[in-house]
Every structure is written in C-alpha cells, then in structure tokens.
Amino acid sequence: MKKIIAILLTVAVALFVFTNLYSGDSDFKAFGEKSLEETVSKEFVNKTVDPQRVQPETGSANIVTSIVVNYRGFDTMGEVTVLFVSALGVALLGGVLRKKVTFRYKPGFIINQGMKIIVGIILISGIYIFVHGHLTPGGGFPGGAMIGSAFLLMYLSDDKFRTRIAAFKVLEGLAGSLIMIVGLVGLSTGGYFLYNFLPNGEIGQLLSAGIVPVLYVLVGLKVGSEVSNILGDFFIGEVEE
Amino acid sequence: MMDILVFFLTGFGALFSILRIILGPSVADRAAALDTMNVIITGLIVFLAHVFESSLYLDIAIIYGVLAFLETVVFSRYLEVDPK
Amino acid sequence: MRKFLSAFVVFWLIWSVLSGFRMQDVLIGAVVSLVLSFVVSRYLSFSFDFRIFYKVFLFIVIYIPVFLYRMVLANLDMARRVLSPSIPLNPGFVKVKTKIKSKTGKLTLANSITLTPGTMSVEVDEETIYVHWVDVQGEEKEEYSKEISGSFENILGGIFR
Amino acid sequence: MTIIGYFFLLVGASFYALGGLGMFRMPDVFNRLQAGTKATTLGTISLLFGVGMLHPEWMLKILLIIVFLTITNPVSSSTLARSAYLAKVKTKTKKDDLKLLLNGDDDDD
Chain P
1314 MKKIIAILLT VAVALFVFTN LYSGDSDFKA FGEKSLEETV SKEFVNKTVD
1364 PQRVQPETGS ANIVTSIVVN YRGFDTMGEV TVLFVSALGV ALLGGVLRKK
1414 VTFRYKPGFI INQGMKIIVG IILISGIYIF VHGHLTPGGG FPGGAMIGSA
1464 FLLMYLSDDK FRTRIAAFKV LEGLAGSLIM IVGLVGLSTG GYFLYNFLPN
1514 GEIGQLLSAG IVPVLYVLVG LKVGSEVSNI LGDFFIGEVE E
Chain X
6 MMDILVFFLT GFGALFSILR IILGPSVADR AAALDTMNVI ITGLIVFLAH
56 VFESSLYLDI AIIYGVLAFL ETVVFSRYLE VDPK
Chain H
1361 MRKFLSAFVV FWLIWSVLSG FRMQDVLIGA VVSLVLSFVV SRYLSFSFDF
1411 RIFYKVFLFI VIYIPVFLYR MVLANLDMAR RVLSPSIPLN PGFVKVKTKI
1461 KSKTGKLTLA NSITLTPGTM SVEVDEETIY VHWVDVQGEE KEEYSKEISG
1511 SFENILGGIF R
Chain Z
1458 MTIIGYFFLL VGASFYALGG LGMFRMPDVF NRLQAGTKAT TLGTISLLFG
1508 VGMLHPEWML KILLIIVFLT ITNPVSSSTL ARSAYLAKVK TKTKKDDLKL
1558 LLNGDDDDD
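Chains as they are written, first to last, in the numbering used here: chain P, 1314 to 1554; chain X, 6 to 89; chain H, 1361 to 1521; chain Z, 1458 to 1566.
If we strip away everything but chain P, and leave its shape as in the complex, we get (with noise of 0.2 Å):
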C-alpha cells in the first residue's frame, strides 16, 4: 500500500514538472532560450573578464568561488560556523551515548595495505583541490571533504589506528581564527568585514585573485579537520573535554 502511494505521488510530481515546463504558455523557457542579458549573472562574469578594466575585481578565473568567497565570504564563514556548531553536538552526544560501532572481523590484508597506498594519494589531491579552488572546480569543501574521506578509510581499514590526532583539535581551532583574523584585517585596512587587501594578480596564476585562495585554504583545513574529528567520534566514541 505504502509503495503505490508513493508511485502515484511520484507520477503525480512528474505530470506536474514536465506539464509546467513543456506547455507553451509556462514560465518556464525552454533549454537554450533563456535570455542571459537580463539577468544578473552576466554583471559578475563581466566584472572578471572584461578587458576593459584596468584590474579584475576579484581575479578569479572561477567565477563561482569569486561570488562564494569574495562577494558572499561572510555568509561561508557562517556555513563553516554551521559545521563547528554540529562537530561539537556531535561531540558532546558521542561523550552521553558512549556505544562505539563495532566490526565482527578484522579488516583484510588487502584494504589494509591497500589503505597504507592510497590514503596518500587520496590526501594530496585533497589538498590540491583546495589550494586550487579560484582556478579550478572545486574549492574548500569538496577539499575538505576529501580529507576527512581519507580519514573515515584509516578509520575503517585499519583495527589499530585508534589514536585520534591530536593536531585536528588544534587545526580546526587555528584555521577558525584565522579566517576571523584575515576578516578583521580587511576592516581596518579597507573599511568593511573581509575587505580584499591582497593584489588581485594575474588571472590564472596561482598567486591570483587577492584573499581568496588564502580562505579557500583555511575553509579547506577547517572542513577537513571538522569532517575528521566527527569521524574520531564516532568510531572512538568517547570524548576527553
């Protein structure tokens, strides 16, 4: 019974989509129709690229990361503030549950080597992904993410990698104020919350696009680390605050 209301309700949300956008008289523009002038988008890619500039204003070759970091930067340092805020509910509920996730067998050779091989590469394109965020797709949460992947494999893979690291704690800590830090700066060098002090540079380069890189770097370290010490939680399941 459960199931075919469930079909009937996904048929239902089809007929509804593809009635709204197929119809002549919808909203709706078809694929490719869509006029780009009007909208908003085109100001910001204008903004980056427009040769007649004397300087970009933000110097990122991916438009994407210029908006998320530079013109929205406060609100990340809010979506990071999220992630801390749920890394020490998680935190403070792993020290009240105390039930640990248990294995019934030892992982196998073969994860286990396999892991001692591949956690590295896993690691440093991480990094690179993140240390790359203004040139390439990508950025500091993907980076991060990928970190604390190659955490949740030791984890998993390995009976004996059980000591939590202690540099995490630290890191998380140090990158948070960092980011504060380079935000404050911005205010008394330019007036306002995260102002870009740095020189824009050269499209393309890695040195480029003023404060963005740097905070894509330290958003990066603070995902990552976070990721990793719920994960610590997690399988350690007890917490010394």
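In short, the hints are calculated from the structure, not lab data.
There's no promise every hint is true.
[As the list claims (entries may be wrong)] Label-pair restraints from in silico Cβ distances:
1) X:Tyr83 with P:Leu1491: 21 to 27 Å
2) Z:Phe1464 with P:Ile1317: 46 to 52 Å
3) Z:Met1458 with H:Ala1390: 32 to 38 Å
4) X:Met6 with P:Phe1547: 37 to 43 Å
5) P:Leu1406 with H:Arg1430: 50 to 56 Å
6) X:Met7 with H:Val1432: 20 to 26 Å
7) H:Val1391 with Z:Leu1520: 23 to 29 Å
8) Z:Phe1464 with P:Lys1315: 32 to 38 Å
Backbone N, C-alpha and C fix where the C-beta goes; we use that ideal spot for every residue, glycine too.
Chains X, H and Z: place on chain P using the hints.
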C-alpha cells in the same frame, strides 16, 4: 558520430548495472553493481572532458573516483558490522 | 626518516603532475608535501631508497607488458563467458601459496590475480592467497599456484624481495 | 593519432558495455564482481588512454587517474568479495577451501 557510439556503449553498460542495482537480491549484489557503475561514470566524466575540450573535468573525475572507492569500502565494511 | 623522505617525494611528484610544472606550483607543492608528509608519513607504507629507480625500471619494462597481455586475455575470456548463451561456469574457492614476503609485493600480487583470467583474490594471509576461481581446474594446491600466479610470482619476487 | 585515440575509446566503451552485461547476466555475487572488475578496469585504462591520445597535453594527469583506478578498483572489489563471503551471501560455488577464514577471526574490538 564516434562520440555518439561511445556514449551509446557506456550508457549500455551503466543501464545494465542500474538494472542489477534494482533487481539485486542481496546488499552485496547492489554494492557490486554500484561499484561497476561508478567506475563507468568516472570514465564517462573523462570522456566528457574530451567532448567539451576542457581539462577541468579531469579534476572532477579524480574526486568522483575517490568518493566511489570510499563508498564501496564503506558498504563492504557495513556488511560486517555487528547487528546487535 | 626514510618513510618521511619517501612520502615527501611521492607527494611532490603527484602534486606536480596534478598542477602542471610551473614555478609557483612546484614551490608551493614542496611546502605542502613537506607539511603533509610530516603529519601522515608514519601511517603510510611509502618506503624506498635509491634502488627504486632500478625497481621501477624493472616494473615498467617486465611487469607491465606481461600484466597488460594477461589482462587483455582475461577480458576476452570473460567476454566469451558473458556472451555465450549458457554461461560456462565451475566456480570455487581455492588457496594459492606465495613466497613473497614484502607486504606491498603481496598486495600487488593479489591485485594482479584479481585482474587476470577468471580469478579474484579474496583474502591474503601470511603465505596463502585465498582466490575465487570461475573455472576450477585440477585438484592439488601446487597445480592451482602454477595455473594462477606462476608468472607473476617470479616477476614480483624479483622486484619486491 | 586521432584514429588510434578513437580506436582506444571504442574498445574501452565496448568493455564498459561488456562489464555491465556481465554484471547483469552472471549468477552470483562473486562471478558478478569478477566480470565487473576486469571489464571496467581494462575499459577505463583503454578509454582514458584514448582521451590522452586525443589530447597529448593531458597525458600525465590521465596516467595518474589510470594508476589510481588500477590500484583502487581491484582493492575495492576484493574487499567487497571478502565481506560478501563473511556475511554468508548465497553462492552457487561448489568447491570451498576457505573455511579457515571464518574460524578464529572473531574480534570485538
């Protein structure tokens, strides 16, 4: 023309893995089919890099490959977790 | 110390391949790999010395051609099985002995067994590899070993002592 | 160069199709894993090498992806096979020398 043929063949492989994900009698079957499909998609992303002439897609392929591997390992360890 | 240096070299190499060989990238990559290998190198098994050049040379020149050849054979074999109307199968789990001591060597051997005709390694022990075989032939352990891992055993035994 | 590249692309894509088909037709999980892993690994190597032939300036990065996938793909399928064996998934396997693996491996950490 050749591109369409390549897309057709890869889509054929992905389609049958999806069928196995739907039909698969046990969790292990589904996880195995998911692993196969993920590798096929990783290859497809690299092929998209060639179609769109942009090397940025290679980074996405790396991320996708890493997460696909992790997903399989997590599923296989999940099969071993104590049920009580 | 040896682990630290080896991890540093591997990280730097991967970073440079990923980001391209420009000056800024290579320098920042050096800093990043230094920090990263300082943190995680003791959990990893990157460990080699100067004989690595000789080993990599042997690996590329001898192992990879044999491996690719066997892999193509494996796929043709698998294609034959998949495409025939009644799938010819005689599956079974068998044990294979190995003499390789090095852990990375055993891992490589297990991976090679997985990718060669009709076999897939399931678990590795001190000196035994447990293998799932699509088409079991023969009866004795020695026969299995010769059939499944004979050529790789010799090559990898020469590379990873 | 272009022709060789497209040849590799087609070979890789056909192995992907074969892998999917094998995943669908084989009778139990171990045989499915065998078919899937072998076909997709060779398919990936071939397809990625084809793309590298068409764009020689990406060759190094593509070789890195190939190495990474060639390490991870057998590892993940071996791990999955071991877990499926330990979880006692139904098989059509007749011969079984692996009983030892199940004994004395209990660990409640």
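Right, here's what the structure says about each hint:
1. With their beta carbons about 37 Å apart, Tyr83 of chain X and Leu1491 of chain P fall outside the hinted range of 21 to 27 Å.
2. Distance hint check for Phe1464 of chain Z and Ile1317 of chain P: the Cβ-Cβ separation is about 50 Å, which falls inside the suggested range of 46 to 52 Å.
3. Checked against the given bound of 32 to 38 Å, the beta carbons of Met1458 of chain Z and Ala1390 of chain H, roughly 35 Å apart, stay inside it.
4. A beta carbon spacing of about 51 Å between Met6 of chain X and Phe1547 of chain P contradicts the range 37 to 43 Å that was offered as a hint.
5. In this structure the hint that Leu1406 of chain P and Arg1430 of chain H lie 50 to 56 Å apart at CB holds, the actual value being about 51 Å.
6. Between Met7 of chain X and Val1432 of chain H, the C-beta spacing of about 22 Å keeps the proposed range 20 to 26 Å intact.
7. Between Val1391 of chain H and Leu1520 of chain Z the beta carbons are some 25 Å apart, a value that agrees with the proposed interval 23 to 29 Å.
8. Phe1464 of chain Z and Lys1315 of chain P have their C-beta atoms about 51 Å apart, which leaves the hinted 32 to 38 Å range violated.
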